[in-house]
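Visitor: Just so you know, the sequences run in chain order A and B.
In this text, residue positions in the first sequence follow my numbering: the first is 1428, and each later residue adds one.
In this text, residue positions in the second sequence follow my numbering: the first is 4, and each later residue adds one.
Everything labelled a hint here was simulated from the structure, so no lab data went into it.
Accuracy of the hints is not assured; some may be wrong.
Taking CB as the label site, the calculated pair distances span [to be verified]:
1. B:S72 / A:G1430: 29 to 39 Å
2. A:S1511 / B:P43: 18 to 28 Å
3. B:P115 / A:K1498: 37 to 47 Å
4. B:S13 / A:E1529: 19 to 29 Å
Even glycine gets a Cβ: it sits at the ideal position worked out from N, Cα and C.
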Amino acid sequence: NAGVTQTPKFQVLKTGQSMTLQCAQDMNHNSMYWYRQDPGMGLRLIYYSASEGTTDKGEVPNGYNVSRLNKREFSLRLESAAPSQTSVYFCASTEGLAGVSEQYFGPGTRLTVT
Amino acid sequence: QQQVKQSPQSLIVQKGGISIINCAYENTAFDYFPWYQQFPGKGPALLIAIRPDVSEKKEGRFTISFNKSAKQFSLHIMDSQPGDSATYFCAALGGGADGLTFGKGTHLIIQP
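Just chain A, same shape as in the assembly (with noise of 0.2 Å):
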């Protein structure tokens, strides 16, 4: 049992390149999470999926896209990377309703814009 896997673990990008990062849960959850991590920010939500099949926006989507692949997958894709997105970004997942029991939190993705 992994819990919650993320690829790659770190990344350099040139601005305008584009990226997918990936994200698999083996634990059934229904709800999966993309937050971004930046110094004195806390986490930031970027965009959520409450069951397979649906996405939705969270506090700060720009710049970004998702994909529920499936129950287990769920990617977080950058189509023209920019310097602000440098930052570390997370993957969680919970099970049941979403959010009101545990978000477990993947090892993260450092990624560098130049």
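Using the hints provided, position chain B relative to the given structure of chain A.
Guide: This is chain B only, laid out in the frame that chain A set:
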């Protein structure tokens, strides 16, 4: 608008002392208040959580105190140990929003 305000930003406590971190919220529709612990290079992990129908919850050395009328809640770490050195985040959930709203974090250092 910051919906969850956390203080202090950093905290140094001697081993065996009590660490106290405070949070205040604005949205009265919040109904779930977890605390997360994060070590460098790792994702946050749930430490303890409380709902507004109780004023205190204790799990081992960790206690949440909750004041609904003041819209404040705090984390107390008793007998603080060097292994408790980490960043702590308070959070809140509810009000029709999915996903957690986090405070900005407290960097805690326990000196041996």
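Visitor: All hints are to be evaluated individually against the structure, with a verdict given for each.
Guide: Each hint tested on the structure:
1. The given range of 29 to 39 Å is respected by B:S72 and A:G1430, whose C-beta atoms sit roughly 38 Å from each other.
2. Restraint check, A:S1511 to B:P43: a C-beta distance of roughly 24 Å satisfies the suggested window 18 to 28 Å.
3. Between B:P115 and A:K1498 the CB atoms are about 46 Å apart, so this pair conforms to the stated range of 37 to 47 Å.
4. Between B:S13 and A:E1529 the beta carbons are some 26 Å apart, a value that agrees with the proposed interval 19 to 29 Å.
Consistency note: the structure conflicts with none of the earlier hints.
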